[in-house]
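Chains as they are written, first to last, in the UniProt record's numbering: chain Z, 1 to 461; chain W, 1 to 461.
Do not rely on the hints blindly, as some may be mistaken.
In this list, chains with the same sequence are indistinguishable; a pair is considered to hold if it fits within one copy or across any two.
[Unchecked claim] Below, simulated DMTMM-like cross-link-like pairs (lysine to aspartate or glutamate); rule was C-alpha separation at most 20 Å, straight line:
#1 K233 <-> E27
#2 K233 <-> D41
#3 K180 <-> E450
#4 K233 <-> E49
#5 K69 <-> D262
#6 K146 <-> E44
Hint data in this document are derived by calculation from the structure and do not stem from the laboratory.
Number of protein chains: 2
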Amino acid sequence: MIRLPFVALFVAAATATAAPAATPSPEVLRDAALDDGIAWDIVEGLTTEVGQRLAGTEAEARARDWAVKKLKALGFANVHVETYTMPVWRRGIETAEIISPYPQKLAVTALGNSVPTPAQGLTAEVVGFDGMEALKAADPSSIRGKIVFVNHAMAVQQDGGSYGEVGVIRRLGPSVAAAKGAAAIVIRSIGTDRHRMPHTGVQTWAAGVQPIPAAALSVSDAEQMARILAQGKPVKLHLTIGAGPAGTAQSGNVVAEVPGRDPKAGILLVGGHLDSWDLGTGAIDDGAGVAITAAAAKRIMDAGRPLRTIRVVWFGAEEVGGLGGDAYAKAHAGEKHVLVGESDSGADRVWRFTTSSGSPQSPLIGRLSSLLAPLGITRGKDPAHGGTDVAPAAAATRSPVIDLRQDASRYFDVHHTADDTLDRIDKDQLRQNVAAWTATLAFFANDPAELAPTTGAAHTE
Amino acid sequence: MIRLPFVALFVAAATATAAPAATPSPEVLRDAALDDGIAWDIVEGLTTEVGQRLAGTEAEARARDWAVKKLKALGFANVHVETYTMPVWRRGIETAEIISPYPQKLAVTALGNSVPTPAQGLTAEVVGFDGMEALKAADPSSIRGKIVFVNHAMAVQQDGGSYGEVGVIRRLGPSVAAAKGAAAIVIRSIGTDRHRMPHTGVQTWAAGVQPIPAAALSVSDAEQMARILAQGKPVKLHLTIGAGPAGTAQSGNVVAEVPGRDPKAGILLVGGHLDSWDLGTGAIDDGAGVAITAAAAKRIMDAGRPLRTIRVVWFGAEEVGGLGGDAYAKAHAGEKHVLVGESDSGADRVWRFTTSSGSPQSPLIGRLSSLLAPLGITRGKDPAHGGTDVAPAAAATRSPVIDLRQDASRYFDVHHTADDTLDRIDKDQLRQNVAAWTATLAFFANDPAELAPTTGAAHTE
Numbered sequence: 001m002i003r004l005p006f007v008a009l010f011v012a013a014a015t016a017t018a019a020p021a022a023t024p025s026p027e028v029l030r031d032a033a034l035d036d037g038i039a040w041d042i043v044e045g046l047t048t049e050v051g052q053r054l055a056g057t058e059a060e061a062r063a064r065d066w067a068v069k070k071l072k073a074l075g076f077a078n079v080h081v082e083t084y085t086m087p088v089w090r091r092g093i094e095t096a097e098i099i100s101p102y103p104q105k106l107a108v109t110a111l112g113n114s115v116p117t118p119a120q121g122l123t124a125e126v127v128g129f130d131g132m133e134a135l136k137a138a139d140p141s142s143i144r145g146k147i148v149f150v151n152h153a154m155a156v157q158q159d160g161g162s163y164g165e166v167g168v169i170r171r172l173g174p175s176v177a178a179a180k181g182a183a184a185i186v187i188r189s190i191g192t193d194r195h196r197m198p199h200t201g202v203q204t205w206a207a208g209v210q211p212i213p214a215a216a217l218s219v220s221d222a223e224q225m226a227r228i229l230a231q232g233k234p235v236k237l238h239l240t241i242g243a244g245p246a247g248t249a250q251s252g253n254v255v256a257e258v259p260g261r262d263p264k265a266g267i268l269l270v271g272g273h274l275d276s277w278d279l280g281t282g283a284i285d286d287g288a289g290v291a292i293t294a295a296a297a298k299r300i301m302d303a304g305r306p307l308r309t310i311r312v313v314w315f316g317a318e319e320v321g322g323l324g325g326d327a328y329a330k331a332h333a334g335e336k337h338v339l340v341g342e343s344d345s346g347a348d349r350v351w352r353f354t355t356s357s358g359s360p361q362s363p364l365i366g367r368l369s370s371l372l373a374p375l376g377i378t379r380g381k382d383p384a385h386g387g388t389d390v391a392p393a394a395a396a397t398r399s400p401v402i403d404l405r406q407d408a409s410r411y412f413d414v415h416h417t418a419d420d421t422l423d424r425i426d427k428d429q430l431r432q433n434v435a436a437w438t439a440t441l442a443f444f445a446n447d448p449a450e451l452a453p454t455t456g457a458a459h460t461e
Numbered sequence: 001m002i003r004l005p006f007v008a009l010f011v012a013a014a015t016a017t018a019a020p021a022a023t024p025s026p027e028v029l030r031d032a033a034l035d036d037g038i039a040w041d042i043v044e045g046l047t048t049e050v051g052q053r054l055a056g057t058e059a060e061a062r063a064r065d066w067a068v069k070k071l072k073a074l075g076f077a078n079v080h081v082e083t084y085t086m087p088v089w090r091r092g093i094e095t096a097e098i099i100s101p102y103p104q105k106l107a108v109t110a111l112g113n114s115v116p117t118p119a120q121g122l123t124a125e126v127v128g129f130d131g132m133e134a135l136k137a138a139d140p141s142s143i144r145g146k147i148v149f150v151n152h153a154m155a156v157q158q159d160g161g162s163y164g165e166v167g168v169i170r171r172l173g174p175s176v177a178a179a180k181g182a183a184a185i186v187i188r189s190i191g192t193d194r195h196r197m198p199h200t201g202v203q204t205w206a207a208g209v210q211p212i213p214a215a216a217l218s219v220s221d222a223e224q225m226a227r228i229l230a231q232g233k234p235v236k237l238h239l240t241i242g243a244g245p246a247g248t249a250q251s252g253n254v255v256a257e258v259p260g261r262d263p264k265a266g267i268l269l270v271g272g273h274l275d276s277w278d279l280g281t282g283a284i285d286d287g288a289g290v291a292i293t294a295a296a297a298k299r300i301m302d303a304g305r306p307l308r309t310i311r312v313v314w315f316g317a318e319e320v321g322g323l324g325g326d327a328y329a330k331a332h333a334g335e336k337h338v339l340v341g342e343s344d345s346g347a348d349r350v351w352r353f354t355t356s357s358g359s360p361q362s363p364l365i366g367r368l369s370s371l372l373a374p375l376g377i378t379r380g381k382d383p384a385h386g387g388t389d390v391a392p393a394a395a396a397t398r399s400p401v402i403d404l405r406q407d408a409s410r411y412f413d414v415h416h417t418a419d420d421t422l423d424r425i426d427k428d429q430l431r432q433n434v435a436a437w438t439a440t441l442a443f444f445a446n447d448p449a450e451l452a453p454t455t456g457a458a459h460t461e
């Protein structure tokens, strides 16, 4: 989800006081974390012993059981599940086949909230568009009763920025096509790879729109479709989608804490999401994120009780619309959050940090910058937003946000595909993430200085 | 297939005479081919307009129709199909699911000549082996009624040598497991990638063995299976395979010629195979090979009539056991073949050449070496074997063989998977292949010198 950033205000830090003598410095904890084995142990266990964990399913419930057991075994305090009820969507059969002019099967997967085709599938002519603007501009008469195909040319960007812009095809394309009377929509996967691996992902129907079957072709198959369409002959596609809504179920956030010495000093909230899409085993999205943040918190816990409480949350139901993040924000709006952050862009190295308040020139940010620089991390100029999991909490509590941005160059090769498995994770890059979060949490958990709370108003810069 | 090499004998070349003045030199033709567009046009058309073309199916028949039309349009002479009858094997449903201890789906595909499970699938305990030797050494009592899993650690090798050695798990593993009473076998895919793409491929039942369902897990899933087995708990797998024999059908080789000036001067036979596995669109295996060799022959044809006839054959039914190659050898055993060669290791650059006769120190090989050196190709010391398509013809006609070996570093990432699609082909590397074959064919088609025929006896060096 895309959240609006908030106005950044810097409050001068109180005089910094040292943590108790027994506690190693953030620098020492940072360097020790470069040998971390905890994060790998968590993500290996979760992806091997649970595997996929689609929100609202029995698999996500098993993941919560696994998580509670694991977090207790790691020694965290106050380990518990905070539940909520949610609508469930389930995948079914999914096939696509060009009938003419060149009969062949295509690799396809349903998008979140797709409705099913008739059981025997539907056959219709394909009408192709080169992007969202072309689809928006199209006359409904050219679309009615047809299968809309939307192509694009998403390219690798280190900051993952193309996902925001090109991803609109997935998030809004189905509603635009449905509003114009399309029989169904198949988009080119929102991904940067060239594999026969369609990328799923959520989309939400606009108000008043009659839902249609909505799916993604793999990038290779989308290029095949584009080549065939370019010949100018009518293309007939047979599409069978079994996915659809499946009632309601209970989901939940798994919460664990490192209790601070001073309950009034506020909470540092960190985490990632426990649920995953159902095609892979959710290793980089977001097994890595829950593993990284929990490993960092565990390392600080083992080094001596911090000043502030660190709360680790493994959020539920992120992929399908951020239900866990919303539930957390609602339940904890009254608590003082000193900093919130999440890890949810894979397992590759952190390359930049940014905060939602605190001038890049301030002493506090300067000290943080010095702490992270040896890891190859520089400070960013744009304000932090958090992500789907912690942004609602930030808004509800006016907490400052920190982003430790991961290199997204490889992320969208694999994101939301069957290929999101453990072997995607580079152990050394995973450890660098743990070191970055360990240093950051150690810094903010023990330093009396705080970033200024945000105002909640929209950012106007 | 693995063929035995033959004794290499060198016969002194006749005095070289120049080709007619109008014909450009092999060097000129070589360099012009670095701008080739013919090969890309062929492989793009075949993979787009036909797609997969499993041997003995209606899709392979469509591929032959496409091929005849294409080769005629390119101006080849004597374009025709030589048919033969073959047993057909077809894929069906294929699913694998760990039932316990950690329920999850695995990516699986049937191996050639697999028989089906019962329609509802079969469930059995998994017994794992680390390679072929361990499976061979196992007591049948440890295997009876179980699903055998065979792991390995195939690594990238430029010459593709690991495929020969590790591939024995696919080629022979099912028969060994079946002979020991296994209920089914799932091997780790014979591949060097880390994707959820199982690699299919042929295997043949040993005499007297009762066939069982035989399949391959993707490399990622095989590593998952190995991780789970390593915990020591019993692992139960549910396997459903629908594949099986499906009667007989007609297949065929598509033949095209560049007629030579002297019918007695013998034939140069080159080609690749037209059939493909059914998972991808057969771009690197072997759309590229048929495209490269036909493009080279076409370029020579357009440069002026050569001394010798060049015969291009797009063989049928290679993947399922080399039926097209065998049929060609039988039909053409009485014709003089001066040289045979095939392109069937992808579309990456040629890095080495070798011949089955002719000392590397001979003047003829020396001149060929000079011709290929500017393309980055060096001469190899081991004798050429040809491959599944042309080795039978070489044996039947005692023809010398040339191998233009392609860099196989990437080949087994994609080989026999759904990922074998057009986007795997690097256009510049494809052109280098065309240049290598153009130079080689131009050299042997116009030079009165010949390599010595082979004796047909086994190579003893």
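**Request:** Could you tell me which of the numbered hints above are not met by this structure, giving the numbers in increasing order?
**Result:** Hints 1, 3, 5 and 6 not satisfied by this model.
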